[in-house]
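Colleague: So you can see what is in the structure, the chains are spelled out below.
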Amino acid sequence: MNLASPSPAALGQPALVASGIAHEFRDRNGRTVRALDGIDVALQRGDFFSVIGPSGCGKSTLMEILAGLVAPTEGRLEFEGVPVAGRVPDGIGVVFQEDASFPWLTVADNVAFGLRRARVAPDEIARRVDYALRFMGLRDFAKHHPAQLSGGMRQRVCIARTLVQQPRLILMDEPFAALDQQTRLVMGDELLRLWRETGATVVLITHSLDEAAMLSDRIGVMSGRPGRFIETLDTGHPRDRDSRILGDPRCAELTAAMWAHLRDSSLHAIEAANA
Amino acid sequence: MNAVAWTRVAVIVGFVALIEALCRFGAIKPFTLIAPSAMAVSLVALLQKPDVRADLLFTGVNVAITVAISVAGGFAAGVLLHRFARARRVVSPLLAASYAVPMFVFYPVMIVLFGLGRWSLIAIGVMLGIVGMIVNTIDGLDRVPRVYTKTAAMQRMSPLATTLLVVLPAATPHLVTGVKLAVTYSITGVIAGEFILSVAGLGRAIALAYNNLDNAAMYGLLLVLLIATTAINVAIHAWESRMHRIWGQA
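If you read the sequences in order, they're chains A and B.
The first sequence runs contiguously to residue 275 in the working numbering.
The second sequence runs contiguously to residue 250 in the working numbering.
In case anyone wonders, no lab produced these hints; they're calculated from the structure.
The beta-carbon is built from N, C-alpha and C at its ideal position, and this holds for glycine as well.
Heads up, a few of these hints could be off.
As the list claims (entries may be wrong) - Keeping only pairs whose Cα atoms sit at most 25 Å apart, straight-line, the calculated DMTMM-like set for lysine to aspartate or glutamate is:
id, chain 1, residue 1, chain 2, residue 2
1, B, K150, A, E24
2, B, K150, A, E74
3, B, K150, A, D90
4, A, K143, A, D130
5, B, K150, A, E78
6, A, K143, A, D99
7, B, K150, A, E174
Stated by the list, open to error - For each label pair, taking beta carbons as the anchor points, the in silico distance ranges come out as:
id, chain 1, residue 1, chain 2, residue 2, range
8, A, V33, B, R88, 23 to 29 Å
9, B, L22, A, A178, 55 to 61 Å
10, A, T32, B, S92, 25 to 31 Å
11, A, R31, B, A96, 28 to 34 Å
Said to hold, decoys possible - Over the 10 Å line for every Cβ pair with chain B, so calculated as not near, a few chain A residues:
id, residue
12, V17
13, G20
14, R34
15, R76
16, E190
17, L209
18, T255
19, A272
Go ahead and model the full structure; you've got the sequences and the hints to work with.
Modeller: Printed below as a string of structure tokens:
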């Protein structure tokens, strides 16, 4: 078995369409803050799309909107042709930046949590959990509690919990932020393998230019607040790729192109933080 | 047990042995304190008496009812105060100040309200025991990471399922701490109430023995109380430690 969701024939069909997305919220002083403005994005099934931008540009807010956890103030969002109006549609899985493993459950029970909620047959749960644990290198830790694992292993538990539900759209908010560089590269390879196996659409929010350049089909570069896409870069990478592509001159070009857009915004963000 | 625990046991055993020796060699007079071995003999003899067993049952039932009301009431109040921010802002300073108030001054009021029986003791025990449960329930719910509720939302769980399967388990270590405080203060409230004025109970039996200069009975009853409260606290502490270890909060 594998963790595949859409059939290969479904690749290339519309998956997620966001048009004119804007979002405002009130800060502690009651002032209205415009976090996102005029976000347009159209993803097809099987796309690997990364979002990169300066701190505080609204990347995580965008992810929560795409997941259906937050309703945008303006704009329209569709997942597989069905409007997403501030509710979580079926077929979307999220891996959050923070450790979201439940400490009172074992690793296996964490991974099975969503499947049990969905009343999947016990045999099927056991099969999928076993496969996901092996896939994520956690099989020997099935009966451990998260407190007994490293931060990276806990994040793999969260990824496994998302994958066993076979989402057609996987949203990842800096899932490797807590990991060292070598582990990030290894996990990036795992993510690419998973993406190829499942045929799922992936949206990856990241701070890392290298990560975006290595993993993505397309990269959306966001401006500072209010966040909007100021550039979308096509990487032109083959689907069958891994972290060794970092040695390709194309990755250096992409990184330079992203930095050209982000440098001023990042300097502004630092100046604003020091003001 | 680790080295620290063994050291702790050794200190206690050494202290008891010292008291035993001081009593046996006359350094401490029996009128002041009887030897620990004599306390144990007295304890065994007391437990044979029907009136002492009735006092133990009376106190045990009082403590059980007090703990049940303190835990259930404190949990319900904590959930409501967590839910309604304005009520919380009103009540929080009162909760913070409550331990500074000597609650036993209200005991005469409880006797006027509930009479000289079980319910005035339970009322004073609940007044002491409920606060820790309320505070720890609020604290536990405050500390549930938002990412857990977002994860529940991604599983499209109802508010009730989210509460039962995610929020409450996440808050469990703090709830257990609340239970521990509720039990400790409930026992204190009930026993002390019995000691001051009561028609029955372990506290009253200790006070009677004290007034009658019956040191054997008094120390035997104190030993019963000491063993019971230590056993309860050790059990709850072990439960609390296990929760914190699993939750990664040790």
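Colleague: Now tell me, hint by hint, if it's right for this structure.
Modeller: Right, here's what the structure says about each hint:
Restraint check: the Cα-Cα separation between K150 of chain B and E24 of chain A comes to about 20 Å, which is no more than 25 Å; the hinted pair holds. For the proposed pair K150 of chain B and E74 of chain A, the alpha carbon gap of about 22 Å is at most 25 Å, so the pair holds. The suggested pairing of K150 of chain B with D90 of chain A holds, with an alpha-carbon distance near 15 Å, which does not exceed 25 Å. Restraint check for K143 of chain A and D130 of chain A: satisfied, since their Cα atoms lie roughly 12 Å apart, inside the 25 Å limit.
Using a Cα cut-off of 25 Å, the hinted pair K150 of chain B and E78 of chain A holds, with the two alpha carbons roughly 20 Å apart. Simply put, K143 of chain A and D99 of chain A have alpha-carbon atoms about 18 Å apart, close enough for the 25 Å limit, and the pair holds. In summary, the hint linking K150 of chain B to E174 of chain A is supported, as the alpha carbons are separated by about 16 Å, within the 25 Å threshold. Our hint of 23 to 29 Å for V33 of chain A and R88 of chain B holds, since their Cβ atoms are close to 26 Å apart.
Distance hint check: the CB atoms of L22 of chain B and A178 of chain A are about 59 Å apart, consistent with the given range 55 to 61 Å. Between T32 of chain A and S92 of chain B the C-beta distance comes to about 30 Å, which sits within the given range of 25 to 31 Å. Taking the beta carbon of each, R31 of chain A and A96 of chain B are about 32 Å apart, inside 28 to 34 Å as hinted. The non-interface label for V17 of chain A is consistent with chain B: the shortest C-beta to C-beta separation is roughly 20 Å, beyond 10 Å.
In this structure G20 of chain A is separated from chain B by more than 10 Å, as the shortest Cβ-Cβ distance comes to about 24 Å. The beta carbon of R34 of chain A sits about 22 Å from the closest Cβ of chain B, which is more than 10 Å, so the claim that it is off the interface holds. With a cut of 10 Å on Cβ distances, R76 of chain A stays outside the contact zone with chain B, its closest approach being about 21 Å. Remark: the non-interface label on E190 of chain A is consistent with the geometry, its nearest Cβ contact in chain B lying 21 Å away (cut-off 10 Å).
Its beta-carbon lying about 26 Å from the closest one in chain B, L209 of chain A satisfies the requirement of being farther than 10 Å from that chain. T255 of chain A, annotated as away from the interface, keeps every beta carbon of chain B farther than 10 Å; the closest lies near 30 Å. Look at A272 of chain A: its CB is around 25 Å from the nearest CB on chain B, clear of 10 Å, so calling it non-interface holds up.
Going down the numbered hints, you'll see the structure goes against none, and every one checks out.
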